[in-house]
Amino acid sequence: MTTAVTATGRRPATMSQALNRALRDAMAADPAVHVLGEDVGTLGGVFRITAGLAEEFGDDRCTDTPLAEAGILGTAVGMAMYGLRPVVEMQFDAFGYPSLEQLFSHVAKMRNRTRGRLPLPITVRIPYGGGIGGVEHHSDSSEALYMATPGLHVVTPATVADAYGLLRAAIASDDPVVFLEPKRLYWAKADWEPDRPEEVPGIGTAVVRRRGSSATLITYGPSVPVCLEAAEAARAEGWDLEVVDLRSLVPLDEETVVASVRRTGRAVVVHEAAGFGGPGGELAATVAERCFHHLEAPVLRVTGFDVPYPPPMLEKHHLPGVDRVLDAVARLQWESEWTSGGAN
Amino acid sequence: MTTAVTATGRRPATMSQALNRALRDAMAADPAVHVLGEDVGTLGGVFRITAGLAEEFGDDRCTDTPLAEAGILGTAVGMAMYGLRPVVEMQFDAFGYPSLEQLFSHVAKMRNRTRGRLPLPITVRIPYGGGIGGVEHHSDSSEALYMATPGLHVVTPATVADAYGLLRAAIASDDPVVFLEPKRLYWAKADWEPDRPEEVPGIGTAVVRRRGSSATLITYGPSVPVCLEAAEAARAEGWDLEVVDLRSLVPLDEETVVASVRRTGRAVVVHEAAGFGGPGGELAATVAERCFHHLEAPVLRVTGFDVPYPPPMLEKHHLPGVDRVLDAVARLQWESEWTSGGAN
Amino acid sequence: MTVLEQPGSHRPPPSRAWRPRTDPAPLLPDEEPYRLLGTPAADALDPGLLRLLYGHLVRGRRYNTQATALTRQGRLAVYPSSSGQEACQVAAALALEERDWLFPSYRDTLAAIARGLDPVQALTLLRGDWHTGYDPREHRVAPLCTPLATQLPHAVGLAHAARLAGDDVVALAMVGDGGTSEGDFHEALNFAAVWKAPVVFLVQNNGFAISVPLAKQTAAPSLAHKGVGYGIPARLVDGNDAPAVHEVLSGAVRRARAGGGPTLVEALTYRVDAHTNADDATRYRTDAEVAAWRAHDPVELLERELARRGLLDEKDVAAEREAAERMAAELRDRMNEDPVLDPMELFDHVYARRTGRLRRQAEQLRAELAAAEEGTDR
Amino acid sequence: MTVLEQPGSHRPPPSRAWRPRTDPAPLLPDEEPYRLLGTPAADALDPGLLRLLYGHLVRGRRYNTQATALTRQGRLAVYPSSSGQEACQVAAALALEERDWLFPSYRDTLAAIARGLDPVQALTLLRGDWHTGYDPREHRVAPLCTPLATQLPHAVGLAHAARLAGDDVVALAMVGDGGTSEGDFHEALNFAAVWKAPVVFLVQNNGFAISVPLAKQTAAPSLAHKGVGYGIPARLVDGNDAPAVHEVLSGAVRRARAGGGPTLVEALTYRVDAHTNADDATRYRTDAEVAAWRAHDPVELLERELARRGLLDEKDVAAEREAAERMAAELRDRMNEDPVLDPMELFDHVYARRTGRLRRQAEQLRAELAAAEEGTDR
Ligand SMILES: Cc1ncc(C[n+]2csc(CCOP(=O)(O)OP(=O)(O)O)c2C)c(N)n1
Ligand SMILES: Cc1ncc(C[n+]2csc(CCOP(=O)(O)OP(=O)(O)O)c2C)c(N)n1
Ligand SMILES: [Mg+2]
Ligand SMILES: [Mg+2]
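Chains as they are written, first to last, in full-length UniProt numbering: chain A, 1 to 344; chain B, 1 to 344; chain C, 1 to 378; chain D, 1 to 378.
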C-alpha cells in the first residue's frame, strides 16, 4: 500500500520541517483539512510544526483552541462528523491524557458503533518520548495505550521522508490515526527532496532499514537511529544485524517482521516505553509465536525501565542506548546451551 | 506475602457480598478509609458493593460525589495527601476514562516524584469485563492501560475469598491499587467462611487453581472459571491442564507462572481483553523468554477479538469460551513437527 | 533614577483585554422558570402547535411505557425511561429544522424518534443487536450517547464546522443535571462560546443523577447560572410546560442560526419512572415527591390547556390515544421479531479495511460457526 | 375520569429542590478589580505588612531574573518566570497560616519560596535532578504541578479531608487563565462548592496561555464570573497591587477557615517575561503592550506607595536590594554546584518495595555503571 504524493517547493532538512510541509501540502490539497490545538496558530506550535499555517490558510483552518484537550479532540469529532478532516495537536504526550476518554470511547469506536456510517478521519499528532531534557510529564511514551485500543491506527516515523509520507497518509486515512512524533528526532536532518514526486509509505508497512543475517532488531520511532548505530557497532563483534523499522504499530506489518526473524533466527525488540506492559510484549509474543521453530534464542526486549520517566539528569540511564542493545544481542545464545545440551 | 485478617459475622455467599464485607471491615478497622464515587452512598452503588456503608459509617465516610470521575480521583489524591485511604468506585470500566489523566500523571507518579515522601494509598475499584449483556461502554477490559503504567498495582480476584482478601490487601497497601472487579463474577457464589480468621493472599501472588501436567492455562479474573471448566473438559481428550490464576497483574508473580510452564512445557494465555496490545502480549512474551528451553510449542493466546466490545447479542461470539480454549490447547503441537523435523 | 524619584501616581491596569468584555447582566437567567401554561400568555399560543405537541406527548408517553414493558419481556436489555420528561424530549426535536443536528444522551430516545427516527432502529442500542442502529446522517441525530456529556463537544465541533462552511445549521445537545458536573460539559460550553458556535445546550434537570439528588451535584443558584461563566446567555424554563420549552428552545435555535452564538437552557423536570428498569427508585426518593410531580405532568398540563381553550374534546383525546396504542402495538410486534444478526459483522467496521489480524480472527470465527452449524445439523 | 374532567388549574413545579437555593447576587464579582494602592484606603494599610510585602517582592523579582540567568548558564533545564506576577505569588504565600497548604502550578516557584521552601530545592524540577525536590509535608506545599489545573482537585480533596478531621486548615490553589479551560478546573470548583471545602482558588489571569490570548480562551465577562455557576463567591482584584491581592486572599482564607466554603479570586496581572526562557514572546505580543504593563509594575507600585507614606527611603531600598543580591548570589553559587545524583534511585520510589522486575533492572543498571566505572578507571 503506497500513496503517491507530488510535493513541490524548497527542500526541508529536518523532520520538523517535513511535518510542517506535510501539513501545508495536505491543507492545500484538501480544504477539509483543519489543524487545531494549543498554540498551533500564531505561535506555530511549541515545536513549530504548524509554523506559518495560520498565516497561509487563516485562523479558521489552523486554530488556537482554548486550553482543554478533551475539548480539542471532542470538537474534532464533531467537525469530522460534518465532513472535515481535523488534525489535532496535543502539546506533549502526557498532556493528551485528558482526551483519552474521547479517544477511547468515541474516536476509536464511532465507525464501528455506527456500522461504518460515521467514519472519523481524525489525525491526532502527539510529540512523544524523551531524550530532550524535558521535565516531568514531557517525555512519556504512551503508545501502549493506543495499541490496546481497537479502532485506532498508530503510526510513528523515524526518518524525515517517512515523517512527511506517513503524515500525509494519516491525514488521507478515513480511519483515526494516532500519529506519534519522536520529539528527539524533530531536529534530525536528512537529505530529503520534496521537489520531486516520490513514493511514500502507506500505513501498515514496516521497512527493513538495514539488511543483516545474524539477528533482527525490531524497533520504531526514536529507537531506530539507536538500533542502526548498534548494528554498525556490532560489526566489530562479528554480528550482522538486521534492523526493522515498524513505522506502523497498528496495523502491524507482521509479515515483514516474521520474515526477517525466520531468516535470522534471533530477535531483540527495542523501544523507549517502559518494558512491562509495553509495546514490546505484543511484538515479542507475536514473533515468538510465529517464528517458534526458527528461533535460536528467546526474543529479548531492550526498553525503558519500569519506572515513571526520569528527570532530565537521569534520563540517559533510562533510555535504551547502543550498549544496552549490544548487551542484549550478546545474550542471544550464540553458543546455545540448548544445542549443547545445557539447561536454562 | 500474606495478610492475616480476622473477619467476623455472617457468611457471605457471593463475590459482591464479599467485596461489600471487605469494605465494611476495612472501614471499621481504620477510620482513615473513606469510600467515594457515584451513587455509592444512598443507593449503595449500582452493583450494591457499597450497600449499607453510608448508613453504618455516615455520609462523610461513604460519599455520593458529583458526577465527574476526574474530580473523584483528583479529590481522592488530595484526601490521601492528608492521610486518608480513599477507596474510589468507578461505576463502569469505560466511565473511569475521564480520570485517566489523574491516574497516570498523579496517582501513579506521586510517590516517585516526591522521593517516597508522598505515597498515595488509594484503591480504585473498577467493575470490568463483559458477559452481563451490558450496552456499549459497559463491558470494556481496560487492564492493559493500567499495566502499562509504572507506579500502579493492578489486581483482580476470581473467587469470593480472593475478592475479600485482595480488597483488604489493596486498601491496606501504601501504594495505589487498581482493583478490577469482574462484573460477571459479582453473583458467583462460594462457600466462604468469613467468621474464622483466615489467610488471604497478599498482592503479587498468583495461585495454581488446578494442578496439571500437560499444559498451563495462564489467566485471571473472569476467565478463571472458563479455564477451570476447560480443564475439566480437557480430561476427556487426555489433557491434564494446569490453571494459574494470576490475581495480581502488577506486580506479576512470574515465578509461579514460569515454574508451571517449565514443568508442563506448554502454555495458553486466556483473557477477555482484546488480544493485540492486550495483557496477553506481556504474559506470553515473558513466558516465552523465561521458559524458552522448556517450551514444546509456541505460547498461544485466547483473547477477545481485536474489536470494540460487541453489543449484548453478539458478546458470546467475542468472549473466549471453553471451546476456544480447547481449540488452542489442541494446537499446542502435541505431535511436534519440530521434534519430528517438520517446518513451521 | 529609581522609581522613587519618578513623579506619577498609581495607574490602573493598562489593558482592557484583561477586563470584562461582555455585560454579564443579560446572560443571567430569570429567577423564575419561564412558563406559558396557566399564564395569560397561554391564550395567544398557536392551536396547531399545541395539538402537534400534544400528539407527540401522548405517543411519547406511550412509547416510554411500551419500551419499559419490553424490558420485562426480555426484548430490551435495558430502558432508561423519559416518562415525565416528554415535554423536553418533544420540544427539543420540534425546535429544530430538518437540516439541524440533535445530540441526544442515552435517555433521549424519544427526542430522536420525535425527530423522525424509526422507533425500532432507535432502540437498537438498548435491545443489544448493535450499538447505533440508525444512520446518524439520515435524520441528523448523533448516536445516543452513554458516556455522559461526552457528546457535547461533538455538537460544538459540528456546529462550528457548519458555520465555517457557511451552512446555517444548528446543533442541539442534551445533557442531564448530573452530566453538567463532567469536565466535558465545561469544555464544550467554553469552546462554543469562544467560537460563537451555533449550538443550543439543553439541560434536563430532573433532580437526580440515578440516586444522587441535585443538592449533592451542585451548590449553584441554578444550573443555568453556569452560562455567564462562559459568556453564554442562559434561560430557565419549566420543563413540563411543553409550549414554554418549545418557545425557549426555538428562540435559542433562531439566535444560534442568526449568528448569535450558543445558549444554555435549563429545563426543570422530573423522571417519574426509575433511572432504568433495573433501578429501584424507592431507595432514594419518596412516593410523596413522585406524586407531587405526577400532579405536574407534562401531558396532562397540555391536555388541560387544550381543553380550556376548547381545542380538544374527549373524542380527540381518544383519537390521539388510539394512535399511540397503534404505535405501541406496532412497536411491540416489531420488537418481538428476533433481529437477524451476522456475527461476522464484528470485524467489518473496526477499520475501513480489515487488518491482517482481523482477517485471521474472522476466519477463526467463521470456522467455529461452521462447526457449530454442523454440530446442530447432526 | 380523564384529566379533562378534573378541575384544578395549572400548578407550578412542585419541588423547591429544583429551584434556586442560593442568592446569586453576592456571588458575582464587582465590575472593577479591587485595588488599594492609589486609593484613599491605602492610607490605612499597616506599614509592617507593606514592608514585608515589599521585601518579598524585591527578592522575588531578583529570584526571577536570577533563575532566568541560570537557564542561560545551563544550570536550569527551563524556567517559567513570574516576573510581573510577584504580587500574586507573594500574597498567595503570605495569606496562609503555617498549617495551611499551597497548591502551586508550574509557574509558582516563587510562591513556594515565599512560603519558606529552600530556593534550591524548589528548583529541583526545573534543574532536572529530580521531580519534586522538597518534602511537600514540610512546608505544606504540594508538588509544582505541570499538567495544568490537575492540582486543583487535589487541593479540594485535601481541604475536605482536613475539614472532616476537624482541622481548621485551608488550601490555596493557583491556576492560570489558560488552566481555567480545563475540565479539572470545573470539577474542582464544583466539588469544592458541594462539599463546602475550605479552599481558595487563585486565578492569575496574565492574559496569555503561552501564545494564546484571553480572548481565545474565554468569552466570559471575566473569569471571576465562573464562580456563580458553582455557587462560589468570586472576587476580581488588581493582581499587581500586592496589598489588594493580600487582602482579598486573606479574606477568602478567613472565610474558608470559618466554614464559609470556597472562594474564587481572579487577579489581573501580566507575565512580563516570555512564557519560559525557551519562548519568544515577540511572536504573539507587542512591545507596547509589555511597556504599558511595565508601567504598572507590582514592585514599583508598592515602592511608590511606601515612599509616598514615608515608609521607605533610598537607604531602605538599597538595603532590600542588597538582601536580594545576596540571595541571588547564594542561589547562583549553590546552583553552580553539580547535584549529586544516584542513578539507582530510579528504582527506589516506584513502589513502597521494589518488584521483582525492578530488582532485576536495578541489577542491570548497577552492572552497567560498574562496567562504565571500570572503563573510566582504566
Ligand atoms: C462518564 C459517565 N460516568 C458515569 C456514567 C454512569 N451513569 C449513567 S446514567 C448516570 C446518571 C446520569 O444523571 P443525569 O446526567 O442527571 O441524567 P439522567 O439520568 O437524570 O437523565 C450515571 C452516573 C456514565 N454513563 N458516564
Ligand atoms: C494539561 C496540560 N495541557 C497543556 C500543557 C502545556 N502548557 C504548559 S503551560 C501552558 C499555558 C498555560 O497558560 P496559563 O494557564 O494561562 O498559565 P501561565 O502560563 O500564563 O502561567 C500550556 C498550554 C500543560 N502543561 N498541561
Ligand atoms: Mg438527572
Ligand atoms: Mg496565563
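It is worth saying that the hints were derived from the structure and are not from the lab. It is possible that some hints are incorrect.
What the hints assert, rightly or not - Lysine to any residue pairs mimicking SDA-like chemistry, simulated, CA-CA at most 20 Å apart: (1) A:LYS316 x D:GLN364; (2) B:LYS316 x C:ASP348; (3) A:LYS316 x D:LEU369; (4) B:LYS316 x C:ASP338; (5) B:LYS316 x C:PRO343; (6) A:LYS316 x D:ALA318; (7) D:LYS196 x D:THR22; (8) A:LYS316 x A:PRO225; (9) A:LYS316 x D:ASP338.
As the list claims (entries may be wrong) - Covered stretches of chain A (in silico footprint by chain D; criterion: 3 or more residues with CB under 8 Å from a CB of chain D, positions within the stretch not fixed): (10) 62 to 68; (11) 93 to 106; (12) 135 to 143; (13) 179 to 188; (14) 291 to 304; (15) 313 to 319.
Every residue, glycine too, gets a C-beta built ideally from N, C-alpha and C.
A quick look at each hint next to the structure:
Only pairs whose Cα atoms come within 20 Å are accepted, and A:LYS316 paired with D:GLN364 is accepted, the gap being roughly 14 Å. Straight-line distance between C-alpha atoms of B:LYS316 and C:ASP348 comes to about 17 Å, which keeps the hinted pair within the 20 Å bound. Taking the CA atoms of A:LYS316 and D:LEU369, the gap is near 12 Å; set against the 20 Å cutoff, the hint holds. Straight-line distance between C-alpha atoms of B:LYS316 and C:ASP338 comes to about 16 Å, which keeps the hinted pair within the 20 Å bound.
Taking the CA atoms of B:LYS316 and C:PRO343, the gap is about 10 Å. The hint holds against a cut of 20 Å. Restraint check: the Cα-Cα separation between A:LYS316 and D:ALA318 comes to about 45 Å, which exceeds 20 Å; the hinted pair is violated. For the given pair, D:LYS196 sits about 13 Å from D:THR22 by alpha-carbon distance, which is consistent with the 20 Å threshold. For the suggested pair A:LYS316 and A:PRO225, the alpha carbons sit about 15 Å apart, so the restraint of at most 20 Å is met.
Restraint check: the Cα-Cα separation between A:LYS316 and D:ASP338 comes to about 16 Å, which is no more than 20 Å; the hinted pair holds. Under a criterion of three residues with beta carbons nearer than 8 Å to beta carbons of chain D, the stated coverage of the segment 62 to 68 of chain A is upheld, 5 such residues being counted. With a cut-off of 8 Å between beta carbons, the segment 93 to 106 of chain A has 4 residues touching chain D; three or more are needed, and the interface restraint holds. Counting residues of the segment 135 to 143 of chain A whose CB lies closer than 8 Å to any CB of chain D gives 4, so the stated coverage by that chain holds, three being the minimum.
For the segment 179 to 188 of chain A, the assignment as covered by chain D is violated, since 0 residues bring a beta-carbon within under 8 Å of that chain's beta-carbons and 3 are needed. Look at the segment 291 to 304 of chain A against chain D: 0 of its residues bring a Cβ nearer than 8 Å to a Cβ of that chain, fewer than three, so the hint is violated. For the segment 313 to 319 of chain A, the proposed coverage by chain D is satisfied: 4 residues have a C-beta within less than 8 Å of a C-beta in that chain, meeting the threshold of three.
The structure shown violates the earlier hints numbered 6, 13 and 14.
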